[in-house]
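Novice: Each chain, written out:
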Amino acid sequence: MNITRREMIKLSAAAFAASALNIPFAPSAGASGDQIEVDQWIKGTCRFCGTGCGVYIGVRGGKVVGLRGNPKAATNFGFLCVKGFKGYMSMYHPDRLTYPLVRGEDDQFKRVSWDKALDLVVQKFKEFHAKHGKDSVAYYGSGQCMTEESYTFNKLWKGGFRSNMVEGNPRLCMASAVGGYVTTFGTDEPAGSYADIEKAKTFFIVGSNMAECHPIIFRRIARQKTKDPENINVIVCEPRLTATARIADVWLPADPGTDLAVFHCMAREIVKNNWTDTWFVDNLCRFTTGKQVVGLKGYVEFLEQFTPDAVEKLTRCPAANIQEAARLFATDGPTLSLWTMGLNQRTRGVWANNLIHNLHLITGQICKEGADSFSLTGQPNACGGVRETGSLCHLLPGTRPVANPAVRAQVEKAWNVPAGTIDAKPGFHTMQMFASLGAEADTAKPIKAMLVSTTNPAQSLPNAHKYVKGMKDAFLVVADIFPTRTTQLADVVLPAAFIYEKGGVYGCSERRSQLTSKCVEPPGEAKPDLWIAAQIAKRMGLEKLIPWNGDDIPKSCRMAWDDYRECVKLTEHTLYGITYDRLLKTEEGVQWPCPTEKHPGTARRYVRGYDPIMDMPEIVKVPPQARIYFYADHEHEGKANVFLRPYKGAEEPPDKDYPFFLTTGRVIEHWHSSTMTMRVPEIARSQPNAYLEINPEDAAQYRIKNGDLVKITSRRGFNILPARVVKSSLPGILFVPWFDQDWDRMINRVTIDAFDDGSKQPEFKICAVKIQRAGDPKDVADMRIVSDVNAPFPEKT
Amino acid sequence: MIVTGSALFIQAGMWETVLARLKEFPEVTYQARSDSGAELIVNFEADDHAALEALCDRVKHAIPEIIEIAHMYINFEEEIEKIAAGAIPMSALEEASTGNLSDASSLPVAQRPDETEAESS
Chain A
4 MNITRREMIK LSAAAFAASA LNIPFAPSAG ASGDQIEVDQ WIKGTCRFCG TGCGVYIGVR
64 GGKVVGLRGN PKAATNFGFL CVKGFKGYMS MYHPDRLTYP LVRGEDDQFK RVSWDKALDL
124 VVQKFKEFHA KHGKDSVAYY GSGQCMTEES YTFNKLWKGG FRSNMVEGNP RLCMASAVGG
184 YVTTFGTDEP AGSYADIEKA KTFFIVGSNM AECHPIIFRR IARQKTKDPE NINVIVCEPR
244 LTATARIADV WLPADPGTDL AVFHCMAREI VKNNWTDTWF VDNLCRFTTG KQVVGLKGYV
304 EFLEQFTPDA VEKLTRCPAA NIQEAARLFA TDGPTLSLWT MGLNQRTRGV WANNLIHNLH
364 LITGQICKEG ADSFSLTGQP NACGGVRETG SLCHLLPGTR PVANPAVRAQ VEKAWNVPAG
424 TIDAKPGFHT MQMFASLGAE ADTAKPIKAM LVSTTNPAQS LPNAHKYVKG MKDAFLVVAD
484 IFPTRTTQLA DVVLPAAFIY EKGGVYGCSE RRSQLTSKCV EPPGEAKPDL WIAAQIAKRM
544 GLEKLIPWNG DDIPKSCRMA WDDYRECVKL TEHTLYGITY DRLLKTEEGV QWPCPTEKHP
604 GTARRYVRGY DPIMDMPEIV KVPPQARIYF YADHEHEGKA NVFLRPYKGA EEPPDKDYPF
664 FLTTGRVIEH WHSSTMTMRV PEIARSQPNA YLEINPEDAA QYRIKNGDLV KITSRRGFNI
724 LPARVVKSSL PGILFVPWFD QDWDRMINRV TIDAFDDGSK QPEFKICAVK IQRAGDPKDV
784 ADMRIVSDVN APFPEKT
Chain B
6 MIVTGSALFI QAGMWETVLA RLKEFPEVTY QARSDSGAEL IVNFEADDHA ALEALCDRVK
66 HAIPEIIEIA HMYINFEEEI EKIAAGAIPM SALEEASTGN LSDASSLPVA QRPDETEAES
126 S
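Sequence lines, in order, name chains A and B. When we follow the numbering used here, the leftmost residue of the first sequence carries the number 4, and every step to the right adds one. When we follow the numbering used here, the leftmost residue of the second sequence carries the number 6, and every step to the right adds one.
Since the hints were derived computationally from the structure, they do not count as laboratory data. It is possible that part of the hints are untrue.
[As the list claims (entries may be wrong)] According to the in silico footprint, chain A covers these stretches of chain B (three or more CB under 8 Å from chain A):
no. : stretch
1   : 19 to 25
2   : 44 to 55
3   : 58 to 65
4   : 71 to 84
[Claimed, not checked] Away from chain A, derived, C-beta distances all over 10 Å, residues of chain B:
no. : residue
5   : Lys28
6   : Phe30
7   : Pro31
8   : Asp40
[Unchecked claim] The calculated lysine to any residue pairs, modelled on SDA-like cross-linking and capped at a C-alpha distance of 25 Å, are:
no. : chain 1 : residue 1 : chain 2 : residue 2
9   : B       : Lys65     : A       : Arg688
10  : A       : Lys730    : B       : Asp62
11  : B       : Lys65     : A       : Val62
12  : B       : Lys87     : A       : Val62
13  : B       : Lys28     : A       : Glu10
14  : B       : Lys28     : A       : Pro27
We put the CB at the ideal spot given by N, CA and C, even for glycine.
Construct the complete structure from the given sequences, taking the supplied hints into account.
Specialist: Right, here's the structure in full:
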C-alpha cells in the first residue's frame, strides 16, 4: 500500500508520541515505504527559555523542518511548548543578516568581507587599548550565547586583554539570584533539581508567571496539582492574577516591592507556631544581620515587627493568606519554591532571594526530596554560559570572584598566562558599563568600544534612551542574526549563526549541561560567535590563548569546552567529567558537580551520598560525620546564613505626581525584544503590539476604555499604548510587556535604572508612573520590527 | 501545513466518549490509546500554527473530558518552504522609515479590542 507523504508524517508523529508515553502503536505496513519524514533527527536543546527542554531537530534538504520533544530528557520528558516550537521558523526569515556590514561616512552600512570587518574591529580595539588603556574596550554578552562562546570571550578579555570589562545580559535577569545564593550558601545555583517537582507537596511560586515564561515547568506543576488537587498546594506571591496565579490555592497579591515584609511575616508565623526544624536550625543555620551574628533569639525578636496585620497594611496582601501560606509552607512539605524576575529585578533583589532561602532553612525544607529553594533562570544559558563560566565583570570561571588572589592564580595557571595577568579589580557592571560608554573624545566616558553579542541593549536596558548616545558615539560592534535597535547604533554588524547552525553546550537552571549538535549551515556568510571571538584573538596576536580558530566549528567547540573543563576541574562547580563524547551519547545531559567521567552527575548538592564534593577534600574539607553540610560557607562551619534583612520597599514608589506602580514582563508568544518571534507571522499576528493592563476601577477614574490609547509617563520617559482593562491587575498597578520594538511602545524608555547595591541588577519590575487618556482606539497592531539595517534610530526621546 | 503528534490526557473511563466526539473534527486523527484509556495519541493538522492553536481550543471546548492537549512532535516543513520562498508576506512587518509614532493622533483608526474584558476574571 502506498501512503502519501502527509500520511507518513502523521504516522511517524503518532508513533513518536506513543513511544514517548509507552503506548502500544502499530502503524500500517505502508508506513515503512521509501519515503522518509526527514533526512536526520539531531539531538539538541530548545533556546526559548531557561528550562533546557531536550529536543530533536528534524533536518530535510539542509533545512530545519521539524521538532520533536526528547522523551528521555529529564527536563521536559518529550513535551514541547508553544514558545519552543514556533520560534525556530524565524531562522528562515529573509531579514537574516548574511554578510558583515561596516558603517560608512554617509552613515549607511556597506557590505564588506569578513577579513575587512575583523581587521577594522581589531585595528580599533588595538588603537583604543594603546591610547586609553586595557579597560577602554568592553564585551557585553548574553545568556543565549553557547557556553563555549561566553567562555572564549571571557578568556580573551580577562586573560588576553587583561581587562575585566566583561558583562552580559544575565546581569539584568539573574544577578540577584546569584547574589542570594552566594550570600546565603556561599556559592551559586540551586541545591536541588526539577525532579523535586514530582516529589513536592507544596509549591511556593514567587514573582514568576511560569505559565507564560516557563510553560513546561508550569505543566509539570499543574499536572501534579491536577492529579491530586486535595493534597498538592500551590501558593503564588505575585501582584497580578496571572495565568500562573489562577491555579493557586493561596494567592499573595502584595504590592510590587513589598514582598520582603510578606516573607518575614511568614517566617514570624513559622517561628510563633513552632513549625521550625530544630535540628536544621541548630546545626545548619547562622542567624546574621550580615555584619553581626545574632542567634535565633535575635532573629525572633527582629521578626516581631512583621505582624500579619501590619504587613497587610503595608503590602495590601491579606493577613489570613500570609498565615495560611506559612502554615502550608512549613507543615505540608516537601516544599519547593520557584521564582524568576519578579524577585530578581529589584533594588532589593538579593535580599528578597535571601528571605526565600530563610524560609527553607528554618523549616528544613531543603536538601531533601521535593524540597528546595530554586531560582528559575530566564534565558537558556544564563546559568551555564555566563554564571558558570564567570563571564561577568567580577567573576572568573566556576562563578568565583576575580578579587580572590588564589582564584586568579589558579585560572592563570589553567590558561597558561603569566602570574599577575588577570586584573584583581572587577570591571564595570552592566549599568556602569553603559553609563561609561561614549565617544573617544569624551573624557567622562572611559569605555570607547564595545562588542555586543546575541543581545539587544538598546531595547533591553532600563531607562534605555539614556544609554543610546553612548552606544552611538562609541565604536560599537554587534554580532546578531537580525537587525535590532542595537544594530541601528552600531559601527560594525557581524552576521551570527543560530544555535542549530553551529551547536554547543547550554546549561539550564538545574545545573544540567546539554549539547546541541550542528544541524544545518548558517545562511550566507553568517558565522558562529565562537569563530568571531577566535578570529579577533588571532588578529590580536592571541592565538595561543584561543587556539580554536579553525573553520571546523564542532572541533572548535570541543576544544573550547575541554579548555573550560580543565579550568574548573578542582572547583565546587566542577564539570570535568562532562566530556563532549559523553554529552553526545547521553540523552538527558549531565548535572554538575561531576568530577569524573564515571560520576553520574549531581541531583542534590550538600548531601553526602549525592554530592561528590562532600568527599573531595582537595576541593573542600567536610567533616566525615556530616550528612548535610553547606561546604561553601565562608566561615567554614558548614552553615547557611539566615539573614535579618530590614524591610525596604521600591526605589521609586508611587506618589501624588506619579500615582501608579508600573511592572513589566513577558508574554508567552514573544522572546525578549521579539527580534525573532515578531518575524514569525502568526506570533506577530497574535501579539502584534505591547499594551497597558489596567484595573477597571482605575480605568473608570481616567475614563479609559478597552483599546483607548493611554500615555504612560515616568520621570524618565513615556509610552503610548492601547489599554486592556482587566481585573487581573490590582488597582494602582499597571502592567506592560517589554517585547515591543516600536519606539512609542518600548517600555524600557519608562522603566527605572536604579539597581540593587549587591547584585547591580536593575529594578525593571517597579517604578512610579502617571497616566492620561491619549485618544480613541487606534490600530497599533503594526507588528513593528527593525527590518532595514539602515533604518535610522528614532531621534526623539 | 502543520502536522503534530500529540497526546490527549482525558478523564478516566471516558475514552470512548472522547473518541466519538473527535469524529466531529476531521483535522484530528486518532492513532492509539494507552491501556488505561487515560491518554490518546492523535494527529492535528492545520494550515499554520495559529490555526493549530484555534483547533486545539475548539477541541478542548467541545470535549470537556479532555484535561490537556500536549504536543510532542511538530512537522512544519511546508511552512518553512513557504517562508524561505518568500510566500508568507513579511512586508507588512516592515518598520516605517521614521520609526516614530509619538503623536498618537496621527495613528490610523482601527478596531477596539473587546475581548479582554470578557477574558478577565
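Novice: Now tell me if each hint is right for this structure.
Specialist: Against the structure, the hints come out as follows:
no. : hint                 : in the structure
1   : 19 to 25             : violated (count 0)
2   : 44 to 55             : holds (count 8)
3   : 58 to 65             : violated (count 1)
4   : 71 to 84             : holds (count 11)
5   : Lys28                : holds (17 Å)
6   : Phe30                : holds (14 Å)
7   : Pro31                : holds (13 Å)
8   : Asp40                : violated (8 Å)
9   : Lys65(B) - Arg688(A) : holds (22 Å)
10  : Lys730(A) - Asp62(B) : holds (23 Å)
11  : Lys65(B) - Val62(A)  : violated (32 Å)
12  : Lys87(B) - Val62(A)  : holds (16 Å)
13  : Lys28(B) - Glu10(A)  : holds (18 Å)
14  : Lys28(B) - Pro27(A)  : holds (22 Å)
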